[in-house]
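Asker: The chain contents come next:
There are 2 protein chains.
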Amino acid sequence: MRLPRLSDIQSAHSRIKPFIHQTPVLTSQQIDKIFDCDLFFKCENFQKVGAFKFRGATNAVMSLTSEEKRKGVVTHSSGNHAAALALAAAMNDTRAYIVMPESAPVVKKNAVAGYGAEITFCKPTLQAREETTRIIMEKTGATLVHPYDNFNVICGQGTAALELLNEEDDLEIVIAPVGGGGLLSGTSTCVKGINKDIQVIGAEPLNANDAYISFTTGKLTPSVNPLTVADGLLTSLSELTFSVIRRNVDKIFTAKEESIIACMLLVWERMKIIIEPSSATVLAIIKENPDVFRGKKIGLIISGGNVDFRKLPF
Amino acid sequence: MRLPRLSDIQSAHSRIKPFIHQTPVLTSQQIDKIFDCDLFFKCENFQKVGAFKFRGATNAVMSLTSEEKRKGVVTHSSGNHAAALALAAAMNDTRAYIVMPESAPVVKKNAVAGYGAEITFCKPTLQAREETTRIIMEKTGATLVHPYDNFNVICGQGTAALELLNEEDDLEIVIAPVGGGGLLSGTSTCVKGINKDIQVIGAEPLNANDAYISFTTGKLTPSVNPLTVADGLLTSLSELTFSVIRRNVDKIFTAKEESIIACMLLVWERMKIIIEPSSATVLAIIKENPDVFRGKKIGLIISGGNVDFRKLPF
Chain A
1 MRLPRLSDIQ
11 SAHSRIKPFI
21 HQTPVLTSQQ
31 IDKIFDCDLF
41 FKCENFQKVG
51 AFKFRGATNA
61 VMSLTSEEKR
71 KGVVTHSSGN
81 HAAALALAAA
91 MNDTRAYIVM
101 PESAPVVKKN
111 AVAGYGAEIT
121 FCKPTLQARE
131 ETTRIIMEKT
141 GATLVHPYDN
151 FNVICGQGTA
161 ALELLNEEDD
171 LEIVIAPVGG
181 GGLLSGTSTC
191 VKGINKDIQV
201 IGAEPLNAND
211 AYISFTTGKL
221 TPSVNPLTVA
231 DGLLTSLSEL
241 TFSVIRRNVD
251 KIFTAKEESI
261 IACMLLVWER
271 MKIIIEPSSA
281 TVLAIIKENP
291 DVFRGKKIGL
301 IISGGNVDFR
311 KLPF
Chain B
1001 MRLPRLSDIQ
1011 SAHSRIKPFI
1021 HQTPVLTSQQ
1031 IDKIFDCDLF
1041 FKCENFQKVG
1051 AFKFRGATNA
1061 VMSLTSEEKR
1071 KGVVTHSSGN
1081 HAAALALAAA
1091 MNDTRAYIVM
1101 PESAPVVKKN
1111 AVAGYGAEIT
1121 FCKPTLQARE
1131 ETTRIIMEKT
1141 GATLVHPYDN
1151 FNVICGQGTA
1161 ALELLNEEDD
1171 LEIVIAPVGG
1181 GGLLSGTSTC
1191 VKGINKDIQV
1201 IGAEPLNAND
1211 AYISFTTGKL
1221 TPSVNPLTVA
1231 DGLLTSLSEL
1241 TFSVIRRNVD
1251 KIFTAKEESI
1261 IACMLLVWER
1271 MKIIIEPSSA
1281 TVLAIIKENP
1291 DVFRGKKIGL
1301 IISGGNVDFR
1311 KLPF
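Protein chains in written order, with the numbering used here: chain A, 1 to 314; chain B, 1001 to 1314.
I should point out that these hints are in silico values taken from the structure, not numbers from a laboratory.
These numbers were taken from a predicted model, which means no experiment stands behind them.
A few of these clues could be false.
[Claimed, not checked] As a list, the in silico BS3-like pairs of lysine-lysine whose alpha-carbon atoms are at most 30 angstroms apart: (1) B/K1017 - A/K297; (2) B/K1069 - A/K33; (3) A/K287 - B/K1311; (4) A/K109 - B/K1033; (5) B/K1311 - A/K33; (6) A/K33 - B/K1108; (7) A/K69 - B/K1033; (8) B/K1256 - A/K311; (9) B/K1033 - B/K1192; (10) A/K17 - B/K1297; (11) B/K1109 - A/K287; (12) A/K256 - B/K1108; (13) B/K1033 - B/K1069; (14) B/K1033 - A/K17; (15) A/K311 - B/K1311; (16) A/K296 - A/K311; (17) A/K109 - B/K1192.
[Said to hold, decoys possible] Covered, in the sense of this in silico footprint (three residues per stretch, anywhere, with C-beta under 8 angstroms from a C-beta of chain A), are these stretches of chain B: (18) 1038-1050; (19) 1065-1077; (20) 1256-1269.
Idealized CB from N, CA, C, for every residue including glycine.
Next comes chain A alone, as it looks inside the complex (with noise of 0.2 angstroms):
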């Protein structure tokens, strides 16, 4: 199993660079005041379909030979990814088959729909979706570009701190949040390539730990039917980034619900933009982690910013 390194990332970065959006990187006066430390927010909110995923689905479709280009892409995903996927195929003339439970929600469908993808339904069960993808790769010959347990995946999702690092040259640590792996992956191959001293932390709920327990007991642990607000991070590792996360990452911290939401709250009160749950995690670690945080000039990947505005959790 081939690993990726820093010079992965940074020809996934001039691949991708003409199609992504450099997104900036905000502080704020008021939050670094609370918690009394340097944050430097890496605004992923901002990338298009509003989240890092678009950067590892380009550089998958990017990264595919002519003759795939020409049978397509497909995945299975309800979420960011298949938005990011659908879009990402669209602006490089390949078709996209995305899989989607029936019960997925309204709004994710036409947004896939919108981009010009091909949906095909399937009953919410792991095995109808896996058999419905694999009918498709039969009749199709498409490629399958799984979220995050992908080579090229992993090194699209590390760009984002590579030009987080480019602008801050300084950071003394660097936080991600975790969920089935990929942008934790490509973040700490990415963050330690370019300098071994800096800390590369993984933000986790703890209502969906797996990756908290794996990296603890060395074992890879999948969750089973986890249940937290930040619904971008229900998937568990794969063996791939598990991998990646037990050489790079130096610690995982949990968050709770609680404190999941009132981060969210804060950066949408105090520095008036929109970030999901799965966001306000890497910010709910140093809430709970006063002490190993204090002082310190930190990296926040914030991951993205789709909320169901008629579903908020405060």
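Keeping the supplied structure of chain A fixed, place chain B upon it in accordance with the hints.
Answerer: Coordinates of chain B only, in the frame set by chain A:
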């Protein structure tokens, strides 16, 4: 009655520049596509205290003589102007006396108190507010800083448009919301001073359309008990702001409540930034008058981002 000129706004900008945020000008390909025009959002929701009001308040405080500064400033307001004046005073080592109705929300009382202002509560009537203010002025000798019926406040508000035009020099139209008219007065004075060919348009809720009526009839006609979701635009023009607006503004359009709410949601969803309903009014008039704005390059003054997240209109 001396009306402000471009040079007054330029002086104000030099004066307040070290204290304010130079807010970003943002764009959105998606929203441009929806309305078929090129929009440039001057984002005062990212200004200190979350609103353009900090510009005018700072300019008013910094324009005081040292004798006046020793005695402090006073205003009656329960909104963004109170917080802005409190912070501007604190940053300039001046006392701020704020008269607020007893019925003001706790969160607003706390914000003003947090900046170190001295709050005096009164009954929630205009008469009680003015009487209480008069008593404080007699007792302390503090200078009244009205939220908009004030030369220096208007000059400060105009500095947002000055930054916008410095950054985007080929706009065809600039739109600002209009309540009491301080922002629209400053904006129109600045824009027309720089280039008479740029159209300046005011955006007002239909449910609080005193500026529209006054502008159309040529007779100052205050609103009576207006009710709109755009709670920053409930106030009516003064003699001073009406004079400036009559001279410098080309047109005022009104917007229905449902358009304001839809445009607020649209900006949250697509741009991932938090704007208050008053700010959405500038986009709502474009939505309601597509033939007027199609194909144009338009600057929008986004007035602020202070929203009660527990009472959203959608």
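Asker: Out of the numbered hints, which ones does the structure contradict?
Answerer: 13, 16, 17, 19
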